[in-house]
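Colleague: Here is what each chain is made of, one letter per residue.
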Amino acid sequence: MEILDELSRDALRRLIATGRRADGRDMYSYRDIGIQKNPVPNAEGSALVSLGKTQILVGVKFDIAKPFADKPDEGVLSTGAELVPLASGTFETGPPREEAIELARVVDRGIRSSNTIDLKSFYIDKEKVLGIYVDIWVLDFDGNFFDAAGLAAMAALKSARMPKVEDGKIIRSESAGKLKLTSDVVTCTFAKADTSFLLDPSFDEEKGMDGRITIATTPEHVCAIQKGGWGAFTQKDIMSLVDISFAKGKELRSLLQ
Amino acid sequence: MSNIIVPGQMVADKPLKMGYAYVENGKTYATVMSLLTDDHKLIPLCGPYEPLAGDGIVGFVSEIKFSGYSINIRTPAAAYLSSRDCRDKLALGDVLAATIRLVDEVKSLELEDAKILRDGTLVQIGPAKIPRVIGKKNSMINIIKEKTGCEIYAGRNGYAWVSSQGNSDLAIRTLRKIEHEAHISGLTNRVSDFLASAGKQ
Amino acid sequence: MEKPQLIIDGKRLDGREMEDLRPVKITAHVLNDANGSAYVEWGKNKILAGVYGPRECIPRHDQSLIRAVVRARYNMAPFCSLEEHGRSGPSRRSVELSKVISEVFENVIISEAYPKTQIQIFIEVLQSDGGTRCAAVTAAAVALADAGIPMRDLVCAVAVGKADGQLVLDCSKEEDNYGESDMPVAIAPRNGEILLFQMDGLLTRDEIDTGLTMVQRAAEKISAMQAAALQQVYERKTAPKLEM
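Just so you know, the protein sequences line up as chains A, B and C, in that order.
Just so we're aligned, residue 292 is where the first sequence starts under the numbering used here, counting upward by one.
Just so we're aligned, residue -5 is where the second sequence starts under the numbering used here, counting upward by one.
Just so we're aligned, residue 115 is where the third sequence starts under the numbering used here, counting upward by one.
Extracted from the complex, chain A is given alone in its bound form (with noise of 0.2 angstroms):
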């Protein structure tokens, strides 16, 4: 579907020329976003986020895990991400691909830079630790699942509830309170097509786009960039696409209260 998508392409560049959107929105707008919490109560915590129609449920697991040899006073975090051939006509079954783990890095890179979650709190003993599985289905695809997989994700761990540990052995009926966490780390996703910029792409917007630009913050922090695609950015784009992640963050970060 290549040749779709070169049409794709230009139909985008004629109308961006103008200054507008397929779908009527402004430059810097996210289409609607929706946030169900918990929808999945078998797993400690979990999130469906709607972004247009893009769909993604994030489940978060415990499970007791041996330590990494570098860290061995911590817990482990693991981020997984499957796009579900569900979701979209254009992914196929098997083992994943390099989109779903390039999308469960950045997801990965955001939570575990932004140190929002206390891993050495996890420390069991020499031999165990807590560690904690977080796992992204894209569902339904139209774009965009960095900064969806990103909030269901942070919503997800905000709706985990701690497993209570007793001899090194996981009680899954008994609770041990919330999973504490520190900040809400939230993306934010560009498109560039010629000089453009777009937040939140649709999946025609990527088809036509150059490159794109994902930035995670924290209120203080920028915690996660991944630049991916062709297109080049200049530093000037690149700090002002900065400024729009924090003001953005602002709102998105409202969604998950």
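Derived by calculation from the structure, the hints in this document are not laboratory data.
Just to be clear, a hint being listed does not mean it is correct.
To be verified - Straight line, CA to CA, 27 angstroms or less: simulated DSSO-like cross-link-like pairs of lysine-lysine:
| no. | chain 1 | residue 1 | chain 2 | residue 2 |
| --- | --- | --- | --- | --- |
| 1 | B | K59 | C | K230 |
| 2 | C | K230 | B | K101 |
| 3 | C | K287 | A | K328 |
| 4 | B | K171 | A | K344 |
To be verified - If you want the footprint, here are the derived chain B segments under chain A, 3+ residues with CB under 8 angstroms:
| no. | region |
| --- | --- |
| 5 | 84 to 90 |
| 6 | 158 to 166 |
To be verified - Residues of chain A clear of chain C, computed beta-carbon distances all greater than 12 angstroms:
| no. | residue |
| --- | --- |
| 7 | L298 |
| 8 | G459 |
| 9 | L472 |
| 10 | E511 |
| 11 | Q548 |
Quick reminder that beta carbons are idealized off the backbone N, C-alpha and C, glycines included.
Start from chain A and add chains B and C according to the hints.
Modeller: Positioned in the frame of chain A, the structure of chains B and C alone reads:
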């Protein structure tokens, strides 16, 4: 809405020869989600495009072959257009309107009367909704053309093409509205109102 | 763990009578990109099904010149169970279930209409609570109808089991784990034909006969819910959205 029929539902207690249905033990059952009309026809509400000879379609060139072109018309396999059946010389990605000349038993498709469509946007619409986009004797599509000043081709296969000339934004939004509300009665009036109020803004 | 008593004072642990279904909620057309989709909550099971096709069959040596190839993929999310974090990728169990579910729908889809193509049914178990394969078949049938795939019938499925010596419809997780037998069945409700039939544990000949009759009765209820879910799609004006 009891006239909405689901697959396997009995639509007649006698054997009837009708589309989207089958007969078993002397009774007739539907095979797809459909509307049952008063004159006992099933009109499908969703589903893939079922190509028929004579259908007007819209597609694009997906491959250039020795003596013709492969045309993507949203069917599982591309349709074939011989260069003899097309006045223009086509390039990869060119959008065109054409007629289906032939459908064989393994659903291979041949096209004819191709006309190249330049400078416009290709829009995907559920093939089951295209009859509503076109309207009775082209009534619906003519309203949209008139109010937006766009040239529009709605292919039976579920691709529509809207020219850049005219208010193409409004034309595409109108097509989406029809697609979403195709099954709700009073569609023509709602579309006219939608175009009138958008025109005022 | 020790086997708990499953039937107390003539009632099952969750308060059901022997032939009651758990609460079932079916919603059709919840996804935007898939050609058809459905979401089923069945007890605590939460199952999403999406259908693509008929589309080009890849790899080509799998395609048939006579009919569409029907392929189901049953998959469990790693967070779906109450116990530990699951491993991703297909297990032997999910491969087997994918196969038997594909075969259910090969029977009812009018696949001769689409030679050289494939019809893909993707099933995601988002939360599991015993009886996922039956809920999955029920969801997949609705997703296929929502995709406009021509079918001879709208299939549904439910299990019958034996707990504390009694036949029980629609086994809960506990009845599944500690009961004497489990027998999942998928049927074409129009003519009662059985399209998926598995069984483990021990049952007598008469128990199988009675169990199948219980399934036939329940199938009428489930298929009415499936039809209602599909008809409701055409009363909505909003874009498809998953409400969990």
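Colleague: Is the nearest Cβ of chain C still more than 12 angstroms from the Cβ of A/Q548?
Modeller: Correct as stated: the minimum Cβ-Cβ distance to chain C is 21 angstroms, above 12 angstroms.
Colleague: Does the claim that A/L298 lies outside the interface with chain C hold up, using a Cβ gap greater than 12 angstroms?
Modeller: The assertion about A/L298 holds, with a minimum of 18 angstroms to chain C.
Colleague: Take a quick look at A/L472 and tell me if its Cβ sits farther than 12 angstroms from every Cβ on chain C, holds or violated.
Modeller: Nearest chain C Cβ is 18 angstroms from A/L472, so the label holds.
Colleague: Against chain A, does the region 158 to 166 of chain B show at least 3 residues with beta-carbon separation below 8 angstroms?
Modeller: holds (count 3)
Colleague: Tell me if the straight-line CA distance from C/K230 to B/K101 falls inside 27 angstroms.
Modeller: holds (9 angstroms)
Colleague: Would the least Cβ to Cβ distance between A/G459 and chain C come out above 12 angstroms?
Modeller: holds (14 angstroms)
Colleague: Is the straight-line distance between the alpha-carbon of B/K59 and that of C/K230 27 angstroms or less?
Modeller: holds (21 angstroms)
Colleague: Given the hint that B/K171 pairs with A/K344, does the C-alpha gap stay at or below 27 angstroms?
Modeller: Since the Cα atoms of B/K171 and A/K344 sit roughly 16 angstroms apart, the hinted pair holds (cutoff 27 angstroms).
Colleague: Regarding the pair C/K287 and A/K328, is the alpha-carbon distance no greater than 27 angstroms?
Modeller: holds (25 angstroms)
Colleague: So is A/E511 really clear of chain C, every C-beta pair being over 12 angstroms apart?
Modeller: Consistent with the label, A/E511 stays out of reach of chain C, its closest Cβ about 31 angstroms off (over 12 angstroms).
Colleague: According to a criterion of three or more residues whose C-beta lies within less than 8 angstroms of a C-beta of chain A, is the region 84 to 90 of chain B covered?
Modeller: As far as the region 84 to 90 of chain B goes, the hint holds, because 3 residues have Cβ atoms under 8 angstroms from chain A.
Consistency note: the structure conflicts with none of the earlier hints.
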